[in-house]
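**Student:** Sequence:
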Amino acid sequence: MLLRLFLALNPSPEVREQLALAQTHLRMALEKTLDAQVTLRWTRPAQFHLTLLFLGNVLDDQLPTLTRAIQEATVPVRAPFSLRLDRYGCFPAVSRPRVFWIGIQASPPLNELQHRLAAGLSPRFALDARDYAYPHVTLARSRIERSLPHLQDFLRRLGLPEGFDAAWEAQRLSLMRSTLGAKGSEYESVQEFTLGV
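For the sequence shown, position 11 (counting from the first letter as 1) is numbered 11 according to my numbering, and the numbering increases by one without interruption.
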């Protein structure tokens with residue numbers, strides 16, 4: 001059986017609340033800016049996670065090899081380490097967004113973790129550099145088919161809501177499974193890895 005998998009860090013409940021506020025702030029601003037033809041699917045707060053590495057479809061019989069490689073990659077990482085979310089952005093391009101996200105402040109320990117995971121998994125699994133290019137929390141997905149050149153300036157001017165403070169200590173890495181359902185993707189943890197152990 002094929003499993004659609006990715007690696008993520010799950011935020012604390014307090015950070016999820018802050019992310020929900022940032023999402024509402026973005027939603028209200030976009031509703032005033034984008035026309036009614038633009039449809040956005042908003043991530044439910046319970047589904048928020050910081051995506052580190054997208055693995056794609058993996059055969060279930062590869063799980064033991066995958067989990068060993070993840071464990072080996074996470075042992076040398078010093079944890080816990082601090083993470084702070086600090087800005088809005090879009091993929092793949094700001095002018096043609098498919099994903100609206102909130103990004104992370106520069107974090108050398110996070111970069112090290114991501115690098116070790118990519119190096120440990122690339123020889124065994126077909127990873128593309130785009131699969132681990134930028135850690136982010138997805139706030140919404142879109143099907144915008146036309147260019148929106150003003151969006152970059154709009155997001156920069158918008159900024160995060162006043163009082164936004166989304167920081168937490170990363171201690172565990174989650175191997176997550178994504179299942180497409182009627183209401184969009186559902187995520188469940190397949191296995192947890194304590195960092196640095």
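Mixed in with the good hints, there may be bad ones.
[To be verified] Label-pair restraints from in silico Cβ distances:
no. : residue 1 : residue 2 : range
1   : Val197    : Arg124    : 18 to 24 Å
2   : Arg44     : Pro64     : 30 to 36 Å
3   : Met28     : Arg96     : 45 to 51 Å
4   : Pro64     : Arg41     : 16 to 22 Å
5   : Asp153    : Thr39     : 20 to 26 Å
6   : Glu186    : Met28     : 23 to 29 Å
7   : Gln171    : Gln62     : 46 to 52 Å
8   : Gly159    : Arg68     : 39 to 45 Å
9   : Met28     : Gln171    : 29 to 35 Å
10  : Leu180    : Gln62     : 35 to 41 Å
11  : Gly181    : Gln152    : 31 to 37 Å
12  : Ala20     : Glu169    : 36 to 42 Å
13  : Asp61     : Gly181    : 38 to 44 Å
No lab work stands behind these hints: they were computed from the structure. Think of the CB as a built atom: it goes at the ideal place given N, C-alpha and C, for glycine as much as any other residue.
**Student:** Each hint should be assessed against the structure and marked as holding or not.
**Tutor:** Checked hints:
1. The given range of 18 to 24 Å is respected by Val197 and Arg124, whose C-beta atoms sit roughly 22 Å from each other.
2. A hinted range of 30 to 36 Å for the beta carbons of Arg44 and Pro64 is consistent with their spacing of about 31 Å.
3. Here the CB-CB span from Met28 to Arg96 is close to 22 Å, at odds with the stated 45 to 51 Å.
4. The hinted range of 16 to 22 Å is not satisfied by Pro64 and Arg41, whose Cβ atoms lie roughly 34 Å apart.
5. Look at Asp153 against Thr39: about 23 Å separates their beta carbons, and that is inside 20 to 26 Å.
6. Distance hint for Glu186 and Met28: a CB-CB separation of about 26 Å, consistent with the stated range 23 to 29 Å.
7. Look at Gln171 against Gln62: about 26 Å separates their beta carbons, and that is not inside 46 to 52 Å.
8. In this structure, Gly159 and Arg68 meet the distance hint of 39 to 45 Å, their C-beta atoms being roughly 43 Å apart.
9. With their beta carbons about 33 Å apart, Met28 and Gln171 fall inside the hinted range of 29 to 35 Å.
10. A hinted range of 35 to 41 Å for the beta carbons of Leu180 and Gln62 is inconsistent with their spacing of about 20 Å.
11. Between Gly181 and Gln152 the C-beta distance comes to about 32 Å, which sits within the given range of 31 to 37 Å.
12. Ala20 and Glu169 have their C-beta atoms about 20 Å apart, which leaves the hinted 36 to 42 Å range violated.
13. Checking the proposed 38 to 44 Å range against Asp61 and Gly181 shows it is violated: the Cβ atoms sit about 25 Å from each other.
Hint check: violations occur at hints 3, 4, 7, 10, 12, 13; the rest are consistent with the structure.
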